[in-house]
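One-letter residues, chain by chain:
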Amino acid sequence: MRLGSGTFAACCVVVEVLGVVLFLRGFFPAPVRSSSSSKHQAEPPAPEPSAGASSNWTKLPPPLFSKVVIVLIDALRDDFVFGSKGVKFMPYTTYLVEKGASHSFVAEAKPPTVTMPRIKALMTGSVPGFIDVVMNLNSPALLEDNVITQAKAAGKRIISYGDETWVKLFPKHFVEYDGTTSFFVSDYTEVDENVTRHLDKVLKRGDWDVLILHYLGLDHIGHVSGPSSPLIGRKLSEMDGVLMKIHTALLSEERETLLPSLLVLCGDHGMSETGGHGASSTEEVSTPLLLVSSAFERKPGDIRHPKHVQQTDLAATLAIGLGLPIPKNSVGHLLFPAIEGKPMREQLRFLHLNTVQLTKLLQENVPSYEKEPGFEQFKISERLHGNWIRLYLEENNSEVLFNLGTKVRRQYLDALKTLSLSLSRQVAQYDVYSMVVGTVVVLEVLTLLLLSIPQALSSKAELEVPLLSPVFSLLFYLTFLVLSAVHVIVCTSTESSCYLCSLSWLTAGGVMVLVSALLCAVVSALTKVLVRGKLLSKNAAHSNSRWSELDLLILLGTLGHVLSLGASSFIEEEHQTWYFLVSTLCLALCHDIYRNYLPGDDCEPQRCLHVEGGFDGATPALQDKNTSSAVLELNRGCKSPSSLGTLRGYEKWMVLASPWVILTCCRLLRSLNQTGVQWAHRPDLGHWLTSSDHKAALSVLAALSLAVIFALIQRRCSPASKVAMALGLLGVYCYRAAIGNVLFPWQQDNKDISKGILEARFVYVFVLGILFTGTKDLLKSQVVAAGFTVKTVGLWELYSGFVLLAALLLRPHNLPVLVLSLLIQTLMAKFVWKPLRHDVAKVTVMHYWFGQAFFYFQGNSNNIATVDISAGFVGLDTYVEIPAIFLTAFATYAGPVLWASHLVSFLSSEASSSSALSHAGFCYALIGSFPVSAYIILVTSLRYHLFIWSVFSPKLLYEGMHLLITAAVCVFFTAMDQTNTKS
Amino acid sequence: MKDTDIKRLLYTHSLCIFSIILSIFIPSFFLENFSILETHLTWLCICSVFVTAVNLVLYLVVKPNASSKRSSLSFKVTRFVKCCVYFLMSCFTFHVIFVLYGAPLIELVLETFLFAVTLSTFTTVPCLCLLGPNIKAWLRVFSRNGVTSVWENSLQITTISSFVGAWLGAFPIPLDWERPWQVWPISCTLGATFGYVAGLFISPLWIYWNRKQLTYKNN
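Sequence order for the protein chains is A and B. The UniProt record's numbering puts the first residue of the first sequence at 1, with every later residue one more than the last. The UniProt record's numbering puts the first residue of the second sequence at 1, with every later residue one more than the last.
Keep in mind the hints are simulated off the structure, nothing from the lab. Please read these numbers as outputs of a predicted model, since none were measured by experiment. For glycine and all other residues, C-beta sits at the position ideal for the given N, C-alpha and C. Among the hints, a few may not be true.
To be verified - Residues from chain A that face chain B, not an exhaustive set, calculated with beta carbons under 7 Å: (1) Ser569; (2) Gln576; (3) Ser583; (4) Arg595; (5) Leu663.
Stated by the list, open to error - Distance windows between CB atoms, simulated: (6) Ser84/A <-> Arg179/B: 25 to 31 Å; (7) Tyr11/B <-> Met961/A: 57 to 63 Å; (8) Arg179/B <-> Leu668/A: 27 to 33 Å; (9) Tyr879/A <-> Ile106/B: 42 to 48 Å; (10) Ser228/A <-> Ile106/B: 25 to 31 Å.
Modelling step: build the complete structure from the supplied sequences, incorporating the hints.
This is the structure in structure tokens:
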């Protein structure tokens, strides 16, 4: 079967997407989740177990504490409280820890150690899986079962002051709140003042049950000046004062009420030695957890080594303390010291409740839960517990009762520990089998693509795909049989759940067929290449064409980028890699241009220095030339001065200047959005523009940008779409004005802010109109014989439709990105690619590189947090899943998509050869799938790396998404190619 | 003829390398607290001065292109002035290129400029010494297969390796090792220096190795 290389590449990428999806499913374990988690209906609490005699205690036990105050200090590291700093700066807390009625622990946070997932962990007791972060992008509110919701349902009055994340996570839960944003990191006094100023009033009032205080100042100090800064000490003293105030207030109030109150001091995450957080170093995951209550026994003597517990344990403890059911997804176990002072029956009751909850979670998440040691321990302890209750009700000898009770308690504690451990391990387990199958599919596709390069890039752009070749049928069936056998063995022997095994047999069989078919295709392609290689070596007709500097740069750049993905810093700062490569590409192009144009010309000093600059980029290539070519002959007329004479004066100047203009544009864009990690806090133009003081400047810039976009895009549109484009761009400005981003000159900030639904839909109409006109033109070009110009116009209209959509979705300060992208495309097309006659492969790779660079110019990074979700709500009343996802994806990948569509329209307008588009499609598929495949292998080998969750996993998601976009682009290429061949 | 040239090349290059090594050690006798990393700017100045001086002295002593038709004083003066102008222009051009590559525009201007000066010393100064302010000659040397002597060949190699060194020197900057030399522009200047030294070291060997294959038009 013969396929065009574009079609072939598109098929390959689509199959590769399947492989990557399989890999991702294996890599990101599904979170441990109770099946009934979405409903908050109150299930009856588990009754007390009893052997024979019936216990009458079936209700939830009453609360242990009347009031709970949670003081959460952002980035409070364990040694700030328990270490020398604590002794020095927090005397009152140290007194509480050492001599007071308190229990202190070191709570270990799970990465990612950033505030929001940590608050979730503290309140739900579950470990927010990485995939949660992605799944929850659409709804900021916490829907999982948690302590706060339970408390609200139980009629408790909750007050929250501090970080506004709480208000976002728990909307309508607080009777009173004052959220402070964590946006201005340099401010570390005001944020805490905002919390403390409410304190006196609230403590005096006492009409609340739960008070949550979240102090941000310490984290800000850490970010700005690190953990050894003198400011830290001052802040800790301030916090100590706050704690003392709260504690004395609670103590004085306790005299009036019967129940004691509880004061919890905790940190959400620690602080690394540089002051940051997010990863999983010991400094970042260790946080202090201090429970203070007069219900606890005073301990004489100091305890310098607090016990290590999990952060998730707090949720269960708080729930028990407030007399609430334990959150369903909590994997933590009760902090036993907190209930130590209670009578034995209550202790056992609490432990039983916690064990039942964990066992239920285990049953729902582990298929073979009966084999788990924790489950067996639970059964034993429940039986013992029942016996104890019977003895208790029969009022036996108190000493026997106590001894048996201690035994039951120990049994319960063991069971809890085992259960909690096996549940938290469930989250961190990789499904290696699915990962391996996914990787095999991806690698086979990549090998197939690599092996078919010579055929696919031949002038015919067609290749033989051995789909039904009977020679390989035996191999195919053999592989299929072996794989099926392996599948059966793996699925029957594995203990943990495995995605591929949970699929139906038919689907799994389909995957096996795919793997073996791909293997056969690879083998056949390999034999073909070998045969051809033999023929070639016999003929010894190697073309002596040397690789140009540009070729080498492209090759080394691609390889270097792929290799750089192995280092976490290079992933965090991947934008730097692309900016560097693009700058070097510009200099290399500059070198190319000057070498081709200057020698026949009497040159000026300036330009010659430029030539020298050009070497900066081309140097690796040149060096390679020096080492590889032994002969340095002196026939330097080898490269003719080419088409210099044909160019007019102005055009020649433009050709000579264009690389410098492009470089300048890139530099400007670079300072628009600082992304990454290390330099993300640097001031940039984007922040300056979006701050409310500079609204006028932003308005002028947006208006100017839209005007320039129109000027650049209209030159090749049909008149109808020209009008539509103008109106659409006007609509974009109106939309931005309506939602309050920009101003109209005639109305100064007195307009109420709407959602701009009408304006956005107005623009959507024009986008669809332009896209429709473009498609119509394309279809017409097939019917009409001489439809070449119609086709070009059609493609350009499709492209301009995309530009209009991007203009609507991108934030207004990012409109210059769009403008400069259009400008660079125009310059490159007119003055670089056309006169220098670069071949299709090079032009494609350059488009890909620029697309990648523009992805980062937009302000994206390899961190999930930089995705602009607001784009998904443009023109929509409420959250509608499919359009929102599509719009967000388009806005995020606007750079790569626009460059790819420009590639299509550029290549078809040039039409150097009929196979240009399918060559481009093939190259795009190859260069797009290369990093993904390499990255999958890298991530598999680095899966126990420290930064796997904070750095590598988000990048994996981005790579997966990028591959999906590449697949879409390749399909688009193929579709355009089909219309091309038909016409 | 060629062999003697290669020998002279080797000697001059070892002198250049020696001057760079001296620039590391000599200042510590005169200046307190001198170290490459901490007083980097001082070292950059000293290094460029040393390399420039050695290049000039070697040019005057060795005279690789001894074909100067006119040798009037005014011609020499204009030639010298032209060389200075060219050098300054190359410094500024490099500075612009660094900024375009992403160096901060306003902060660290002095550092960036001194890096530009250093890179110019490694590349432009030898070019000026050898070829003079003659752009056509420069273009010839740096276009494919355009060298006409051992000297020009070695010039090509050292210049290119300095550029490659500076280019590669930018790679460690984003890494989170938190070393003092990862700060802009220290790693780049060190890279350029290493590249230059490597070029000085490699070029005589390489030319010697390939002396059979190398044919020059004029010799």
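ask   = Of the hints given before, which are not true for this structure?
value = Going through the list in order, the structure violates no hint and respects every one.
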